[in-house]
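These protein sequences, in sequence, are chains A and B. Counting in the numbering used here, the first sequence runs from -11 upward without gaps. Counting in the numbering used here, the second sequence runs from -4 upward without gaps.
Incorrect hints may have been included.
[Stated by the list, open to error] In silico lysine to aspartate or glutamate, EDC-like type, Cα no more than 16 Å apart, as pairs: (1) B:K432 to B:E447; (2) B:K432 to B:E536; (3) B:K180 to B:D141; (4) B:K261 to A:D15; (5) B:K261 to A:D2; (6) A:K18 to B:D210; (7) B:K261 to A:E4; (8) B:K576 to B:E604.
Just so you know, the hints here were simulated from the structure itself, not pulled from any lab data.
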Amino acid sequence: MMSLKINGQDHQVDAEPDTPLLYVLRDDIKLNAAKYGCGLGQCGACTVIVDGNAVFSCVTPILLLKDKEITTLEGLGTIEKPAPIQRAFMAEQSAQCGYCIPGMMMRAQALLQRNPNPTDQQIRAELAPHLCRCGTHMRILRAVHRAAEMMTRADAGDQGGTL
Amino acid sequence: MIAAFTLDRRQVLLGGGALIVGFSLRGAAAQEAASPAKRPGSLATTPYLDSWIRIDADGRITVFTGKAELGQGIKTALQQIAAEELDVSFEAVELVTADTKRTANEGYTSGSHSMQDSGTAIRHAAAQARELLIAQAAQRLNQPADSLRAENGAVIAPDGTRLGYGELIAADILHVEAQPSSKLKDPASFKVMGRPIPRVDIPAKVTGGAAYVQDMRLPGMLHARIVRPPSYGATLTDVDGAAIEKMPGVVKVVRNGNFLAVVAEKEFQAIKAMLALAAAAKWQEHPQLPAERGVRELLTNLPSRDMTILNVSDPSVSGLRSIEATYTRPYQAHGSIGPSCAVAQLVDGAMTVWSHTQGVYPDRQAIAEMLQLASDSVRVIHVEGSGCYGHNGADDAAADAALIASLIPGRPIRVQWMREQEHAWEPFGPAMLTQAKASLDAEGRIADWHFEVWSNTHSMRPGGAGCLLAAQHKAEPVAEPAPKPLPLPEGGGDRNAIPIYAFPNAKVVHHFISQMPLRISAMRSLGAYHNVFSIESFMDELAALAGKDPVEFRLAHLKDQRARDVVQKAAEAFGWAQDQKPPAGRGYGFAFARYKNLAAYCAIASEIEVISDTGRARLVRAVAAVDAGQIVNPNGLINQIEGAIVQSSSWTLYESVTFDDTRITSIDWQTYPILRFSAVPDTIDVHLIDRPGEPFLGSGETAQGPAAASIANAVTNAIGKRLRDLPLTRQRIRAAIEA
Ligand code: FES
Ligand code: FES
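Input sequences plus hints: build the corresponding full structure.
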C-alpha cells in the first residue's frame, strides 16, 4: 500500500512500487485524462503535473511520488466547471481525435503557472516533447495563448489547480 | 447482397410508450422491391427511413449513422444535417454511430465518404420524415399540407395549432422506404447547417471524460497484452508459460499457434507478464524483407499486372520539347498516438466487441469467421480511439481481444497494443513509384502526357478473417486473401493518377503489384498522396521548361471552373505574384488537386524555409483554398484541412518505415521521427468556397497530396534543385544543395 496525493485527495494505492504513475491513475484511481501513448517518454500523452512540473507519468514509478502533489487534467476543472485552459481548448476547438490533448494541456498549464505571459516561441519550445498525429498544432498554440489571456484577466475566476 | 436493416414494427410497439426498439434483419426482399431510381447516399442500400431516424412518442429524436467518429467531427456534422432538415434545434437530436446491432451497414468510414454517403442519406431521410410529419398533421387537422410548416419539433397550422412530432409519430409513419428525391430546405433558410457549431465530443476530451475505447472499464474487466512475433512469418518454437502464470495478478497465458498473450487483473501486471513472456518465448525468424533496396529497385523488380487506365490522343497536336522524371514514396506509418485498443466479452455464446475499427460490419464478419461463430452472434460497437488516418491496428486489436475473450467467457477483456507493436505491426501505407514524361508544344502547352504508377493495393482491410493478425497467427491460420486493385474512378494505387488537367494526348498506366513484402493497407488518401505529389511536382517542372509561372501554367490547362476558382483563391490569398522573389533561404510552392477527381477541390500555396547548413526544411506558411460543396460546419472543415496540411508536411519532410532483412526497425518515435512543435508552421490559412445547394464533397483527405507537392515545389524554389524521392529529409536536401 502506498499513499499518493492526487488532485488534492489522499489515495491508498495497492500497487507495486515500480508501477508507473500512469497505470495507477488509469487503473486504480480510474481517471481517464492521462493517456498511454508510448510508455517511453517520447510522446507526452501521459503528462501530469507533479509539484508544479510537467512529468511523463508513463516513466515515473510511484515510489518516487511519496508526499508529492499530483495533478491531472481532472484536477483542473470539470465539464460543468471547466478551468481556463479547458475553456480555451473548447473555445478554439483544439482537438481532432483529442488523444494527445490532455497531455498538451497539462504541460501548458504548468508553463502558465510559472510564466503567465509566455511568448509564442516559449510555448512552442515548451511543447516540443509532445506529439500530435492529427496535426492540431496550430489550434493547440492558439488555445494556449487564449488560456494565458484568460488566466491573466482579473475575471478569470478559478485558475485551475487542485479542486 | 447487402441486407437492409429495418426497425421491426412489432418490437417498436412492444416497447409501448418507451419505444424500446431493436433492429431485425428483414432480408433482402424489401430491397429488391425498391424502385429503380437510385436513392441518395446510403439510402440506396438502406432505404427505410426508420433505419436512420426514430422519433419517440415523447418527441425525442434519434438519428442513426453507420459511420464512425474518428476525430474528424462527423458526429457534429451529421447532427447538424439532421437537425436542419427536421426543423429542430441541434441539441434536440441524439446521434447513434456505427453499431452492428443498431445502425445501417455503411461499410467503412473511409475515403472521405461519410458526408457523401451518410450525410446525404440523413439529410434526405430527415427531409422526407419532416414532410411525412407535415402530411400526417394535414390529415389530422384536415388542412392542406402546404398551409402547414414545421418548426422546432412541431407542425404548425396557420391558426397557431401545434402538433408535436411525438404526437404525430404514433402512426409509425417512418417505416417506409425513402423516395429517390426529397424536398430539401433552401440553403438560404438554414439555421443549423453551415454554422461553426462546436464539436459535441470536445468537452469530454478536454476534461478527462470517458471518450475513448481506451477509457472503458467494464465490471470484471481483465487486461491482456499480446506478445507478437519479432518479425513477419516468425514461428514460435518454444515457450514455458507456467512460470508466468504464477506472476502476480496473472490469470492466464494464451498460446494458440503463433498467437501468444497474457491476461491479468491489472494493466501493469499484464505488461510485466508480457515482458517476461516475451523473454521466455523462442522464435524461429525468416529473413524475407527487401532490406537495403530502394523503393525504385524494389518495386520495378516485383511482377506487376499492367492496366492502361487512360488513353486519349489527338494526332493533330504534337510536342517539341520533352522531359521525364521518376518519383518515389517509401512505406509510411499511420502512427496513431494512442496504440490500438479493444474490449471484448463473450456472454452465453454471444461476442460483443468494442473497437475503434473503421468498419463495424466487415470487422464483425471477419471476427465471426475467425471464431467460427455465426455473424449474428458477434456484435461490434464503434467506440472512438486515437485518430487512425486509415487502416491501423484497430481491427487487429479487436480480433486479439475477441480471440482471448472467447477463452475466458464472461469476463470483458481489454487489449491495448504497446507502442512498438503499433509501429511494427500496423499495415503501412504502401511504397510507390511513378514515372512521368511529357512534351510541350510551340506555345509551351502540354501536348503529350505519359504517366505510370507502380503500387500494391491500398486496402487489405477485412475482408475476411485472413486480414486479421490473430487469425493469421493462430494454430489453424486463416490465409490472407489475395490483394485486389481498388476499382476506378476512386482507385487505390491509381487514385488521382489520371490528371485533372486537359491534355490532348495522354496515357496513364497502373502497374498493380500483388506481392507485399511489408504488411500494407489503406492510409489517408491512398495513392492520391504520391500521385498528386508526382503530378504536381511534374507540372512545376514543365512550367519551368515552358518559362511560365506555375499558377498560370496550371490555369492554362484547367477547364473545370470550380478547380480554377480554388487555384485562383489560394494564389490570391497567398499573395502569389508572377515576378515574386522569396527572401534568401525561402521558397514558394503551389499545388492543386481534386481528391479522386470527384471529391473536394483543394489548392495550396506554401512558403518554406531551408537552413542550408543542415538541409533542414520547415513549412513556414500555408494558404489553402477548398471547395467541398455545400459546407455543413465551416470550423470543422477548416480543422480537417489544417490537420491534413500539418500531417502531410510531416509525411513529406520526415517519414519512412525502416527495416533490415528480417525485422521492421522503425518501432517508436525515436526511430520513426515525425513533426514536432519546433517545426510547426507560423501560420496556416484555410479559405473555404461554399457552394450552397451543391452536394457534399468528401474533404477529409483532399489536402494530403497538394500539401506534399506544394512543399516539394517550394523546396525547389528555395534551393534551385528538384527532389523527387519522399521524404524530403534534411540529408537529401543537403546533398542536393551540395551536388
Ligand atoms: S505515454 Fe508517456 S511519453 Fe508517451
Ligand atoms: S488531436 Fe489527435 S493526436 Fe492530437
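Hints, verified against the model:
1. B:K432 to B:E447: Distance of about 9 Å is within 16 Å: holds.
2. B:K432 to B:E536: Holds, at about 11 Å.
3. B:K180 to B:D141: holds (14 Å)
4. B:K261 to A:D15: holds (7 Å)
5. B:K261 to A:D2: holds (11 Å)
6. A:K18 to B:D210: Holds - the C-alpha atoms of D210 of chain B and K18 of chain A are around 9 Å apart, at most 16 Å.
7. B:K261 to A:E4: holds (11 Å)
8. B:K576 to B:E604: holds (13 Å)
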